[in-house]
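When you line the sequence shown up against the UniProt record's numbering, it's residues 1 to 118, in that order.
Certain hints may be false.
[Said to hold, decoys possible] In silico lysine to aspartate or glutamate, DMTMM-like type, Cα no more than 25 Å apart, as pairs: (1) Lys51 <-> Glu86; (2) Lys51 <-> Glu80; (3) Lys51 <-> Asp85.
Source of the hints: derived by calculation from the structure; they are not laboratory data.
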Amino acid sequence: MSMSEDWTAIGHLSDIPRRGARCVTSPLGRIAVFRTMEDEVYATEDRCPHKGGPLSQGIVHGGHVTCPLHSQVISLRTGEVQGPDEGRVRTFPLRVDPLTGAIEILIAREAAFAPGAE
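Taking the hints into account, I'd like the entire structure generated from these sequences.
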């Protein structure tokens with residue numbers, strides 16, 4: 001099996017409030033796209049590893065989000081839950097066009113094997 005990568009347009013920086021999030025739906029489920037006060041953007045799955053809380057409804061502070069259900073703090077850069085808790089959420093690469101503010105997300109998916117294809 002090979003991996004296929006596709007950059008997909010998901011909106012503009014101006015669509016996401018500073019220190020807020022918006023969700024997009026992908027073949028992998030709901031993805032939360034966060035914007036920090038410094039206009040950095042990050043994408044994680046929209047599900048806390050502790051109890052499945054909606055991270056997109058959490059509080060964004062610095063490069064972290066705090067889950068709205070049980071206050072777990074998660075790094076937006078790495079997806080790692082900060083101590084003393086443990087866990088991890090999946091993260092997704094984003095890129096922002098510096099001129100237009102358009103945001104694209106990279107989602108890797110397994111491509112189906114096609115016999116005879118090279």
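Violations among the numbered hints, reported as their numbers in ascending order: No hint contradicted; all consistent.
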